[in-house]
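Residue numbers (my numbering), protein chains in the order written: chain A, 54 to 817; chain B, 4 to 168; chain C, 5 to 296.
Hints are computed from structural coordinates only; laboratory data are not their basis.
Every value quoted in this text rests on a predicted model; they were computed, and no experiment measured them.
Note that beta-carbon positions come from the ideal geometry of N, C-alpha and C, so glycine has one too.
Careful, some of the hints might be misleading.
To give a feel for the contact side, a few chain A residues facing chain B, derived at Cβ under 7 Å [what the hints assert, rightly or not]:
| id | residue |
| --- | --- |
| 1 | Glu67 |
| 2 | Asp71 |
| 3 | Arg73 |
| 4 | Ser258 |
| 5 | Asp291 |
| 6 | Ile295 |
| 7 | Gly298 |
| 8 | Pro695 |
| 9 | Gly704 |
| 10 | Leu727 |
| 11 | Ala729 |
| 12 | Leu731 |
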Amino acid sequence: MSDVAKLLVGSAVERMEDARFLSGSGNFADDLAVEGMLHAAILRSPIAHARILAIDASAALAMPGIRSVITARDIGDVIPIIPLRLAPLPEFEPFRQPVIARDKLRYVGEPIAVVVADSRALAEDALETIGIEFEALSAVTERGASATPLFDFTEDNVALRYDAGFGNADKAFASADYVRTERFSVQRHTALPMETRGLLAEWNSSAGRLVVTGATKVTFYNRRALAQMLGLRQEDIDLIEIDVGGGFGVRGEFYPEDFLIPFAARKLARPVKWIEDRREHLMAINHSRDVACELSLACRSDGMILGLRGRIFADMGAYIRTNGGVVPAKAAQFLPGPYRIPHVSVSVEAFMTSKTPVGTYRGPGRFEANFFRERLIDMAAMDLGIDVAEFRRKNLITEEELPYPIDGLVPYEGPTSYDTGDYVEVFERALKEIGWTEKRHLQGKLIDGVRHGIGLGCFVESGGAGPKENAAVTLERDGSLTVVVGSSVLGQGLETVLGQIAADTLSLPFDRIRVLHGSTTLLDEGFGTYHSRAVVMGGSAVLDAATRLREKILERASNHLGRPNSELKIVNANVIADNGASVSFAALATDSELQADGTFSNNVRTYSYGTHAAHVTVDPRTGAVKILDYIAVEDVGRAINPAIVHGQAIGAIVQGLGGVFLDHLIYDDQGQLLNASLADYLVPTASDFPVLRAVTLELRPSPSNPLGAKGAGEGGIVAVAAATANAVAAALAPLHVEIHHLPLTPPRLWRLIKDARERRTNAA
Amino acid sequence: MTSARPVHFTVNGAAATVAVEPRTTLADALRNELRLTGTHLGCEHGVCGACTVIVDGAAVRGCLMLAAQAEGCEVTTVEGLGSAAHLGALQLAFRKHHALQCGFCTAGILATAHALLTDEPQADEDRIREVISGNLCRCTGYLPIIAAIMEARIAYSDVQREAAQ
Amino acid sequence: MKLPPLDYICAATLSEAIAALAAHGGNAKVIAGGQSLMPMLAFRLAAPTVLVDIGRLPDLKTISISAEGIDFGALVTWRDIERDARLAQAHPLLAAAVAHVAHYQVRNRGTVGGSMAHADPAAEMPGIAVTCDAMLTIVGSNGCRIVCADEFITGGLSTVLEADEIVTSIHLPPWKKARRWAFEEFARRRGDFALAGVAAFYDIDAQGLAFDAHVGVIGVADRPARLPGVEALLNGRRIDADVILQAATAARDAVDPADDIHAEAAYRRDLLGVLLERALARAADIILPEAA
């Protein structure tokens, strides 16, 4: 056996998780079945805005197999309110969501009652028999629809307004050679993980303990919230994380059902399982994006940007949920992007409508902000007669200017700076990959009935939210290693990546490691997975724990072999002394396992960055867009597993392309969601975007963590709308079409082309 | 009569009988009665393909077929394609290419690809894309899935050659 | 999204199936492949008390091709059509249209009879049936009747089928050799229902002029339809670029689509013209100068 084990960190090893998924032996929420288990279904509001006058569940209760129908009345005088986990601005507090509707309904899909039955089918049968008497109120479906207040304490349905910025934007705009202002918007859509939400709640009456299985993302936080709502000590609740079928920001936040199902289990003293069906998923899980922006850019005539002003208008839906405020706040924060813009002024208006509440979806705010800014940059460059690449090159922050402070853009966050990187080099790489110079002559050209366009989008993107993560590692008596971590799995290969880190630190074969994650039973405290933090924070905590364990192993080996630590080295799960004597990990742990805790605390964000470039064709007669080539280049600091990072990038690009062309939650003016099915809510399929490339670079490691890693799960999505919309706009520029609004559906593009032609005809 | 009644079929080579209400889909019968939970439900209305299983050699949506309609049929699920300890060629190619992330859509995609390659081991990339377009995946962007299926073709060609000899 | 409670009868013979349907009046539904019905049941948009499964009836699974035309048993699946090598010659228009139907798994179970009975306005098979003057054989308690496709479909998702009737076969008239044809449709994604689609064919006489033109459209009305005005415009003409553009304009004028969540009416109307242009150009084997 080789003396020096091959390092796993940095290597595209196959994933630990895959054998179980590939053989159908994963364990997802709906796979759970326990003795005596009952099934829940939720009656949801069929109307966007109404007062509830009466609920009659007598027919449902009389049906066979129906165990209970729970409404607000059963929950008590005080209906628990879902807390704000992120962006906890006081203005949002009164708009938080109660776990069940009592007097008023504010969106289609809001929970009214929980039916618990012997089977899911019986529960659904009963839903149809529950009578609700309403007084219908006018739906609020857009900004400024203030005639009908959704909440009695507000007249204009605006939850929050704030201004932020740095420098003196007014002065910059007054002195600029060139100013352009445009309005943009990104449509409401959602992450659509392939597994819907689901959980199993089990109440042990005699012990007074509750176990909820199917939790993820922020289990410890959710346990605290649930304990408070149920009036239990958090020690009496366990949230258990099992396999998770995709997160992308939406899964694992505290939702009404995270209270309702445990409540039902306690009330009935029976295990209760609830699996969200796809129809309710589309109206119940956090929606996202749905941000409009008025953006102004001030430049010198040579293209140097002097200032930026942005007004963000965010449709928050009917309530402010756990992290809803992040969406507009980050849209505002990332408006300046990776550019040197000395004077920035942003404002945010978060308004309420009678639609499903919003929350974060992969790249929250960034997807939108990059689209707004990169579009306006192309327009400005065009106006000034400057090549769009040259315009960007001129304004990108250089490495010498880093760290580059972007303080004061988010009211609930402290100072922060773009950390490390070579924004220009990565930009040039993307140009080279797409063939910018060679393909420039294609811009707008009509060839075989389709117009070609190439577009660029640059981004910088934060990750690695603090404050802390915990881990523990145990050398078991059989010599295997158990890693536990407070980070959560969302289907991203976390076990593999953390296993790689532990394997290298302890010189232990990969297949001797198992990684446990997320559950509140594993550690005293954990912080979960969001904001691309699992590797940065969880990985660093595992590194710390494994390093400490290494010391303990050496210490025990030193006693065992009678040699000082300085003469020992660890090779492939053995400790070997200079004199050739050796002892295996298994032998060292035979009598008692060895354990070490690790932690990583850090409030400094990582900033990944990169450039996307897209080459598209548009059929101007049908509005059909084809992606001929797509390249995403990103510097993630350090890729623990390049294949996993690459998978994140490609998957994110396709999700982003869905957001550009397909994904769209469509409401009518009555506040009805018109496409709550996968036949009508369209997401990308295997035949839509066959040609995509991602280049992951490790140019500049993060200085904030020992791994040097930066967030790597979101850079693939955040610039997709920017690059793609710019490409479509370039293709249609000869037809005098400008792109301001997503999604770019064929009928929408057709309409833009037709309107532009008519405008020209009328003008002529 | 909407009460439970028996349905007999073969699953992964073994005879099985389930007693289910007539409204029970094949996917629910496999998951809840036989506890073959590898087959997943992603939409229950025939779009996402997560519940794909193979019935008498043809890939079908398990949520769009009543269990009763499978009477006497031969059903193959992901559990029949190879165990965790002994993955089949297709499964190995998926692992090699990182053709899955969360693993939720994977069983349906494996069943689809297995049926396709058993029938058409020479399927070209466009044909594979067309077929897999009936299965939604939200993690991978499909590229590694297509690459894995392309690579696995050789194993199915070998099987076909052996069968011919 | 579990199905509503229902009973299930697996019919062994056609008469047994019809008797079961008759016994339950309008509360029974026929199921075969179930690829349209099952999603409706999952959404509880349909709530029959009984499903009568005709999937195992003998003799309804064959495709017969003769000088009189082509007969499809109602249980013929899209996969059966895809795999029948004879159809590329015997009815290339049908083969081309069916290539657009849904996805692999659905194609394995979806049947031509089910598609006709479901009568989705954007579905390919009803479109081909209407375009090609298909005749449907329907069997019920009162015996057998034969209905032409155009009369069979009475509106959006509605047909002349009585509660106790079953479509047993679909007859397409014989396909002439040297016939010019094309099928074009435009969908958001591969396998989705088309935003609009066109099936067109015509024959050419000794002078090179078109006759017996058939132009059928899907996705632009509540049911598939022929465009007689467009057909009249093509008949007796040499199909050149000029005629094609006239036909496209006539087609746009002939339809009156509705707005829906996927497209505004004006788009569908214009798209139909584009698709007809492309279809006729391909049928005539000429290259049109693409506008814009």
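Against the structure, the hints:
1. Glu67: Interface hint status for Glu67(A): holds (5 Å vs cutoff 7 Å).
2. Asp71: holds, 4 Å
3. Arg73: holds, 6 Å
4. Ser258: violated, 27 Å
5. Asp291: violated, 22 Å
6. Ile295: Constraint on Ile295(A) not satisfied, violated at 12 Å.
7. Gly298: holds, 3 Å
8. Pro695: violated, 10 Å
9. Gly704: holds, 4 Å
10. Leu727: The hint is violated - Leu727(A) has no Cβ within 7 Å of chain B, the shortest such distance being about 16 Å.
11. Ala729: violated, 10 Å
12. Leu731: Nearest chain B Cβ about 4 Å off; hint holds.
Hint compliance for this structure: hints 4, 5, 6, 8, 10 and 11 are not met, and every other hint is.
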